[in-house]
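Peer 1: Here are the chains, one letter per residue:
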Amino acid sequence: MTPRSHGPRMFILATALLVGACQTTGTSGTSAKAFFQNVKNDPPAVSETPKNAINSYHLVDLKPGERPPLSSDEAGIWMMVDKAEMGIATSGQRVMDAKLNAYVNDIVCRVAGDYCKDFRVYIVRVPNFNASMSPNGTMIIHTGFLLRARNEAQLAAVVGHEISHYLRRHSAQRAKDMIDKTNALLFVQFANAIAGIAPVSDLAALATVGSIRAFSREHEREADGYGLALMVRAGYDPKEAATIWQRVMREQRAVADKITYDPFLATHPPSEERNDTLNALAKTVENNNELRTGETAHQNAIKPLRAEFLRDELAQRQYSATLKLLDMLLEDNHQPAEVHYFQGELYRLRGKDSDREKALSAYRKALSEDGAPAEVYRSYGLLLHRIGKKDEAKSALESYLEKAGDAPDREMIRAMIEGES
Amino acid sequence: MATKLRMTLLAAVLAISACQPYTLAQTGKPVLVADSLTVTPSIDWSHSAIGNAEIWTVDGPLLEDLTFFTNVDKGDPLAPTSFWIRIGMPYQKEGKMPTFDPAMSALEIADLVRETYTRNGQLNFTYTDLAPQPFGGNKGFRFDFTFTTVEGLNKQGMAVGALVNEKLHIAIYTGAREHYFEKYKSAVETLLNSLKIQRG
Numbered sequence: 002m003t004p005r006s007h008g009p010r011m012f013i014l015a016t017a018l019l020v021g022a023c024q025t026t027g028t029s030g031t032s033a034k035a036f037f038q039n040v041k042n043d044p045p046a047v048s049e050t051p052k053n054a055i056n057s058y059h060l061v062d063l064k065p066g067e068r069p070p071l072s073s074d075e076a077g078i079w080m081m082v083d084k085a086e087m088g089i090a091t092s093g094q095r096v097m098d099a100k101l102n103a104y105v106n107d108i109v110c111r112v113a114g115d116y117c118k119d120f121r122v123y124i125v126r127v128p129n130f131n132a133s134m135s136p137n138g139t140m141i142i143h144t145g146f147l148l149r150a151r152n153e154a155q156l157a158a159v160v161g162h163e164i165s166h167y168l169r170r171h172s173a174q175r176a177k178d179m180i181d182k183t184n185a186l187l188f189v190q191f192a193n194a195i196a197g198i199a200p201v202s203d204l205a206a207l208a209t210v211g212s213i214r215a216f217s218r219e220h221e222r223e224a225d226g227y228g229l230a231l232m233v234r235a236g237y238d239p240k241e242a243a244t245i246w247q248r249v250m251r252e253q254r255a256v257a258d259k260i261t262y263d264p265f266l267a268t269h270p271p272s273e274e275r276n277d278t279l280n281a282l283a284k285t286v287e288n289n290n291e292l293r294t295g296e297t298a299h300q301n302a303i304k305p306l307r308a309e310f311l312r313d314e315l316a317q318r319q320y321s322a323t324l325k326l327l328d329m330l331l332e333d334n335h336q337p338a339e340v341h342y343f344q345g346e347l348y349r350l351r352g353k354d355s356d357r358e359k360a361l362s363a364y365r366k367a368l369s370e371d372g373a374p375a376e377v378y379r380s381y382g383l384l385l386h387r388i389g390k391k392d393e394a395k396s397a398l399e400s401y402l403e404k405a406g407d408a409p410d411r412e413m414i415r416a417m418i419e420g421e422s
Numbered sequence: 002m003a004t005k006l007r008m009t010l011l012a013a014v015l016a017i018s019a020c021q022p023y024t025l026a027q028t029g030k031p032v033l034v035a036d037s038l039t040v041t042p043s044i045d046w047s048h049s050a051i052g053n054a055e056i057w058t059v060d061g062p063l064l065e066d067l068t069f070f071t072n073v074d075k076g077d078p079l080a081p082t083s084f085w086i087r088i089g090m091p092y093q094k095e096g097k098m099p100t101f102d103p104a105m106s107a108l109e110i111a112d113l114v115r116e117t118y119t120r121n122g123q124l125n126f127t128y129t130d131l132a133p134q135p136f137g138g139n140k141g142f143r144f145d146f147t148f149t150t151v152e153g154l155n156k157q158g159m160a161v162g163a164l165v166n167e168k169l170h171i172a173i174y175t176g177a178r179e180h181y182f183e184k185y186k187s188a189v190e191t192l193l194n195s196l197k198i199q200r201g
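Chains C and X, in that order, are what the protein sequence lines are.
Heads up, the first sequence is in this note's numbering, so the first residue is 2 and it goes up one at a time.
Heads up, the second sequence is in this note's numbering, so the first residue is 2 and it goes up one at a time.
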């Protein structure tokens with residue numbers, strides 16, 4: 002055991018506590034009333050939401066800024082997750098890009114309303130569809146989720162859902178439940194046991210396996226309903242809540258090779274039932290505000306980092322799921338040149354059967370679109386070089402050098418071109 | 002009973018021998034690296050071989066390490082899973098790691114290194130200054146790179162390598178960007194200048 006191993010292990014444990022505490026079922030041996038000494042079950046704080054079915058969800062259990070009384074069990078749980086949060090805050094996985102953080106924080110604040118200051122948002126560089134909330138208001142957003150959301154409304158739908166778990170204190174109930182059942186020790190042991198084998202990108206995933214069952218349907222429905230109410234209050238079209246789940250379902254169905262265990266989807270099953278419920282709920286919302294989806298704003302916010310996020314997806318080597326994701330992004334029709342480029346990259350890296358032809362064709366499509374990244378020429382040239390089309394390779398690589406003058410590999414490319422002339 | 006005891010002892014011996022300790026590479030004395038290369042260090046290093054890979058360090062691999070990946074064959078990842086476990090890097094199973102192909106250009110090999118590190122959980126891996134450079138008397142390549150560990154430590158690195166008889170040999174030096182990378186950089190360069198390929 003080298004000293005280096007402890008870092009990931011501690012991180013996994015921290016993540017386990019955070020995420021574990023987040024994804025809850027909430028059946029407790031202690032009555033909820035006794036445990037939550039200061040729960041307010043009373044009237045919804047969202048007065049501007051019109052009278053309709055969604056109003057049956059009370060939006061407040063906590064006052065803004067409220068922390069559990071120091072003498073309560075819940076304060077102990079908060080202390081644990083406060084500590085775990087410090088690990089997330091300094092993690093190398095954290096995306097520090099100021100603009101992206103400002104964008105996501107703004108949406109969280111709009112959805113959270115008066116509770117804005119209760120949440121700290123951490124964007125982490127992990128390529129899967131996930132977002133989570135801990136009992137102390139630590140919200141983790143995966144870059145894979147930002148990539149998959151088509152618009153602000155879809156982001157707001159999931160953010161609203163997670164905020165609802167916080168407001169209704171589902172997480173705290175679940176954490177208390179684990180401790181009551183002496184699962185805490187087992188949970189920690191489990192987190193340690195898997196630390197030795199876990200890839201970083203799946204830390205959060207694996208950390209939830211041992212202790213977390215799916216949310217109770219009751220809590221899920223509740224959070225779905227709350228989430229819709231919150232997103233509508235923030236002015237977003239509630240139809241998008243069902244749409245983001247449909248997108249996830251499409252991608253999941255494409256995974257012939259079931260490589261991934263996805264904790265978020267395991268605890269938030271994107272079922273037909275959820276889809277129907279969300280659609281039905283969305284129809285009950287009466288709203289006087291103008292509802293929007295915020296597609297351009299979302300796409301502009303992720304644009305500067307989207308290529309990096311897609312590169313992370315490719316590194317997962319889950320090609321069938323990534324192909325489906327790329328298909329969906331093509332349908333969305335934002336920067337199609339970039340999407341075609343990554344299709345080409347996927348085929349080039351996979352290298353099966355007719356993948357080379359598919360890759361060449363994808364690169365050509367990318368080059369036929371506006372705004373093709375210079376890297377298309379590089380990959381196209383490398384592939385042509387591989388299949389012995391030296392002249393075409395040379396021409397593509399020259400175009401690459403022309404378009405990316407300060408390319409980090411320019412000297413090597415020049416040497417390749419000279420070797421071929 | 003005797004058989005059971007014997008089996009237990011055998012298992013224990015196998016388990017212990019699986020943990021190869023670091024051995025000392027002394028200043029000025031040539032060392033055979035992973036049965037494939039020879040180098041002559043200008044300072045004392047600790048080194049340890051795991052499969053086709055061999056790690057060299059002075060202050061510990063958390064701070065700096067010079068790793069040789071030797072004789073990487075077609076279809077193989079840079080190193081076996083046991084190597085990544087040994088150096089304490091989060092890792093993936095072999096089936097999920099990118100693999101080498103002798104038809105790869107230096108650019109694709111640099112991409113392979115980036116993908117290997119990314120796949121093992123390192124973040125923001127960016128390489129620069131990829132250029133031709135001889136390696137052990139062969140036509141080779143070099144590049145510099147940076148990445149961040151999952152704990153948030155910024156690291157710097159450089160790689161030199163070559164394809165010899167369709168097999169990849171590559172030496173990768175990484176260190177904490179603050180202090181450690183610079184601390185042994187010149188010792189690494191001296192050591193790599195002394196490198197000779199014995200078998201490939």
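Incorrect hints may appear among the rest.
[Stated by the list, open to error] Here are the computed lysine-lysine pairs in the DSSO-like style, where the Cα-Cα straight-line distance is at most 30 Å:
| id | chain 1 | residue 1 | chain 2 | residue 2 |
| --- | --- | --- | --- | --- |
| 1 | C | Lys-390 | X | Lys-140 |
| 2 | C | Lys-391 | X | Lys-140 |
| 3 | C | Lys-84 | C | Lys-118 |
| 4 | C | Lys-353 | X | Lys-97 |
| 5 | C | Lys-391 | X | Lys-184 |
| 6 | X | Lys-186 | C | Lys-395 |
| 7 | C | Lys-404 | X | Lys-97 |
| 8 | C | Lys-395 | X | Lys-184 |
| 9 | C | Lys-390 | X | Lys-184 |
| 10 | C | Lys-359 | X | Lys-197 |
| 11 | C | Lys-390 | C | Lys-353 |
| 12 | C | Lys-100 | C | Lys-284 |
| 13 | X | Lys-75 | C | Lys-390 |
| 14 | C | Lys-304 | X | Lys-97 |
| 15 | C | Lys-395 | X | Lys-168 |
[Unchecked claim] A few chain C residues that don't get close to chain X, going by computed Cβ distances all over 12 Å:
| id | residue |
| --- | --- |
| 16 | Ser-72 |
| 17 | Asp-83 |
| 18 | Phe-120 |
| 19 | Ala-298 |
| 20 | Glu-309 |
| 21 | Leu-368 |
| 22 | His-386 |
Read the hints as simulated data drawn from the structure, not as lab findings.
Cβ coordinates follow ideal geometry from the N, Cα and C atoms, glycine included.
Peer 1: Please go over all the hints and tell whether each is borne out by the structure.
Peer 2: How the hints compare with the structure:
no.: 1; hint: Lys-390/C with Lys-140/X; verdict: holds, 23 Å
no.: 2; hint: Lys-391/C with Lys-140/X; verdict: holds, 20 Å
no.: 3; hint: Lys-84/C with Lys-118/C; verdict: holds, 19 Å
no.: 4; hint: Lys-353/C with Lys-97/X; verdict: holds, 15 Å
no.: 5; hint: Lys-391/C with Lys-184/X; verdict: violated, 43 Å
no.: 6; hint: Lys-186/X with Lys-395/C; verdict: violated, 35 Å
no.: 7; hint: Lys-404/C with Lys-97/X; verdict: violated, 33 Å
no.: 8; hint: Lys-395/C with Lys-184/X; verdict: violated, 40 Å
no.: 9; hint: Lys-390/C with Lys-184/X; verdict: violated, 45 Å
no.: 10; hint: Lys-359/C with Lys-197/X; verdict: violated, 41 Å
no.: 11; hint: Lys-390/C with Lys-353/C; verdict: holds, 19 Å
no.: 12; hint: Lys-100/C with Lys-284/C; verdict: violated, 34 Å
no.: 13; hint: Lys-75/X with Lys-390/C; verdict: holds, 22 Å
no.: 14; hint: Lys-304/C with Lys-97/X; verdict: holds, 28 Å
no.: 15; hint: Lys-395/C with Lys-168/X; verdict: holds, 25 Å
no.: 16; hint: Ser-72; verdict: holds, 35 Å
no.: 17; hint: Asp-83; verdict: holds, 18 Å
no.: 18; hint: Phe-120; verdict: holds, 22 Å
no.: 19; hint: Ala-298; verdict: holds, 26 Å
no.: 20; hint: Glu-309; verdict: violated, 8 Å
no.: 21; hint: Leu-368; verdict: holds, 19 Å
no.: 22; hint: His-386; verdict: violated, 7 Å
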